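Engineer: As numbered in the numbering used here, residues 1 to 350 make up the sequence shown, in order.
Derived from the structure by calculation, the hints contain no laboratory data. The structure displayed is predicted, hence computed values, not measured ones. A hint or two may mislead.
As the list claims (entries may be wrong) - DEER-style ranges, computed between Cβ atoms:
hint : residue 1 : residue 2 : range
1    : Asn127    : Arg301    : 35 to 41 Å
2    : Pro157    : Thr187    : 30 to 36 Å
3    : Ser315    : Lys236    : 15 to 21 Å
4    : Ser45     : Pro157    : 36 to 42 Å
5    : Arg333    : Ser197    : 28 to 34 Å
6    : Ser69     : Ser197    : 47 to 53 Å
7    : Ser197    : Gly298    : 41 to 47 Å
8    : Pro157    : Ser197    : 48 to 54 Å
9    : Tyr123    : Asp59     : 25 to 31 Å
To be verified - 27 Å max Cα-Cα, derived DSS-like pairs, lysine-lysine:
hint : residue 1 : residue 2
10   : Lys100    : Lys37
11   : Lys114    : Lys100
12   : Lys37     : Lys278
13   : Lys100    : Lys193
From the three backbone atoms N, C-alpha and C, an ideal C-beta is built for every residue, glycine too.
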Amino acid sequence: MKRRILALGLISALTAAPLATAAASSEAAVSNTEYRKQWHSDIHSGYQALATHSQALADQAKTYCQSPSPEAREQTRKAWLDAFLAWQQVRFVDFGPVEKGNRAWQFQFWPDPKNLVARKASYLLKNDEPVTAAGISESGVAVQGFPMVEYLLYDQPFSNSERALPADRTCQLLTAVTRHIADNSATLAQDWKDFQSDYVEHAPYTDSTIRAAMAGLEILEERRLATPMGLRGNGKRSVYSADAWRSETSLAAVEASVQGLRQYFMPAFSTLLENQNKANLAARIEQQFDEVQANFPGLERPMAPLLADDTAFRSLQSLYIDVTQLTALVNDRAAVELGVVRGFNSSDGD
Numbered sequence: 001m002k003r004r005i006l007a008l009g010l011i012s013a014l015t016a017a018p019l020a021t022a023a024a025s026s027e028a029a030v031s032n033t034e035y036r037k038q039w040h041s042d043i044h045s046g047y048q049a050l051a052t053h054s055q056a057l058a059d060q061a062k063t064y065c066q067s068p069s070p071e072a073r074e075q076t077r078k079a080w081l082d083a084f085l086a087w088q089q090v091r092f093v094d095f096g097p098v099e100k101g102n103r104a105w106q107f108q109f110w111p112d113p114k115n116l117v118a119r120k121a122s123y124l125l126k127n128d129e130p131v132t133a134a135g136i137s138e139s140g141v142a143v144q145g146f147p148m149v150e151y152l153l154y155d156q157p158f159s160n161s162e163r164a165l166p167a168d169r170t171c172q173l174l175t176a177v178t179r180h181i182a183d184n185s186a187t188l189a190q191d192w193k194d195f196q197s198d199y200v201e202h203a204p205y206t207d208s209t210i211r212a213a214m215a216g217l218e219i220l221e222e223r224r225l226a227t228p229m230g231l232r233g234n235g236k237r238s239v240y241s242a243d244a245w246r247s248e249t250s251l252a253a254v255e256a257s258v259q260g261l262r263q264y265f266m267p268a269f270s271t272l273l274e275n276q277n278k279a280n281l282a283a284r285i286e287q288q289f290d291e292v293q294a295n296f297p298g299l300e301r302p303m304a305p306l307l308a309d310d311t312a313f314r315s316l317q318s319l320y321i322d323v324t325q326l327t328a329l330v331n332d333r334a335a336v337e338l339g340v341v342r343g344f345n346s347s348d349g350d
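Hey, can you work out the whole structure from these sequences and the hints?
Structural biologist: As structure tokens, then:
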């Protein structure tokens, strides 16, 4: 009789074990869904900000071309910078709707070692064909985004040429490109909103989001800082390897990208780490974000003079070291702890 009772108890335990495992698995899935809900909401806020600033840029470009003045040109530059920095904040997102139609490249064609943006601008401005929205859509990513507008507003040789703003055809190109950016931004924000169900309900998007942040940090460290600093590539310092060098806002763009990761990625990521008993690591990453951002506002200036002067260069080195440490914490510590493997990133340009 005792053996029968013991056998029944063993059978009950074995039967309950899969149920307990399934319950734990279900609980983990619910928890991961909550992380993705927060990520979706936070990233959507970033995309909405991009859409708002891009629309303001398109409106301001139209106003400037209708009534040109030095003041209106400066207002257009400011509107460009606001929209460009809004893009930098969400630039790390490299999956989902932003992959459609090479949208990320449409917003920012970079790197551009062959100066294709300038060559495309020259071709379009010399061409007799009307500059239309349809024409911009068919002209390729080097024409369609923020670098083209930056070229028209900031490039020094071009600004001294006969085609400089507010020349009629150049204004046509400016308004058409800014309109394209605004339309693209609005569509992206809506597409991301519509993407909510797929994103929240599919567990692999947790890893996709973490890998996107990892790639964003690697690109920031290796390509946006190390390469112009001469720490990679040919070993020579060159501001032309940085993005946004014409407007002298390369470092402002770096700051915006760091802020974007902190604002749109870290809240859910910190919660995920804390719920995995990694609260100390989450706190260390937040502290490292503080250390990176402490380099500003001291670096809110053009990169070129910092590259040219060895004493000033130390401030860039300090920033680079802090970013490297942040990348190591996220990519080599946190991601490993969570079992996330770095994957191929389509925005690498490789």
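Engineer: Taking the hints in turn, state whether each one holds.
Structural biologist: Quick rundown of the hints versus the structure:
1. Asn127 to Arg301: 35 to 41 Å: holds, 37 Å
2. Pro157 to Thr187: 30 to 36 Å: Holds, since proline 157 and threonine 187 (Cβ atoms, about 34 Å apart) stay within the stated range.
3. Ser315 to Lys236: 15 to 21 Å: holds, 19 Å
4. Ser45 to Pro157: 36 to 42 Å: Since the Cβ atoms of serine 45 and proline 157 sit about 39 Å apart, the hinted range of 36 to 42 Å holds.
5. Arg333 to Ser197: 28 to 34 Å: Given range 28 to 34 Å: holds, Cβ gap about 32 Å.
6. Ser69 to Ser197: 47 to 53 Å: holds, 48 Å
7. Ser197 to Gly298: 41 to 47 Å: holds, 44 Å
8. Pro157 to Ser197: 48 to 54 Å: Between proline 157 and serine 197, where Cβ atoms are some 50 Å apart, the hint holds.
9. Tyr123 to Asp59: 25 to 31 Å: holds, 27 Å
10. Lys100 to Lys37: Holds. Lysine 100 to lysine 37 sits at ~22 Å (cutoff 27 Å).
11. Lys114 to Lys100: Holds, at roughly 25 Å.
12. Lys37 to Lys278: holds, 21 Å
13. Lys100 to Lys193: Distance of about 15 Å is within 27 Å: holds.
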